[in-house]
Amino acid sequence: MFKIDDYIMYGMTGVCKVIDITNEKFLNSNAKDNF
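Residues in the sequence shown are numbered from 1 upward in steps of one, following UniProt numbering.
To be clear, the hints were calculated from the coordinates, so they are not data collected in a lab. As the structure is a prediction and not an experimental result, all values here were calculated from the model. Treat the hints with caution; some may be incorrect.
Stated by the list, open to error - In silico BS3-like pairs for lysine-lysine, Cα to Cα no more than 25 Å straight-line:
#, residue 1, residue 2
1, Lys32, Lys3
2, Lys25, Lys3
3, Lys17, Lys32
4, Lys3, Lys17
Claimed, not checked - Just the calculated beta-carbon pair ranges, DEER-fashion:
#, residue 1, residue 2, range
5, Tyr7, Asn28, 29 to 37 Å
6, Asp6, Leu27, 23 to 31 Å
7, Leu27, Tyr7, 28 to 36 Å
Even glycine gets a Cβ: it sits at the ideal position worked out from N, Cα and C.
Let the sequences and hints guide you as you build the complete structure.
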């Protein structure tokens, strides 16, 4: 999906840069990638 150093358009609010990707599991949910 996304890679480190990718730029992501976030609606009309601006642009974000992916600096890290983690995989975390929270209570009562499956593990998800976090950008």
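Results for each hint:
no., hint, result
1, Lys32 - Lys3, "15 Å, holds"
2, Lys25 - Lys3, "20 Å, holds"
3, Lys17 - Lys32, "19 Å, holds"
4, Lys3 - Lys17, "10 Å, holds"
5, Tyr7 - Asn28: 29 to 37 Å, "33 Å, holds"
6, Asp6 - Leu27: 23 to 31 Å, "29 Å, holds"
7, Leu27 - Tyr7: 28 to 36 Å, "32 Å, holds"
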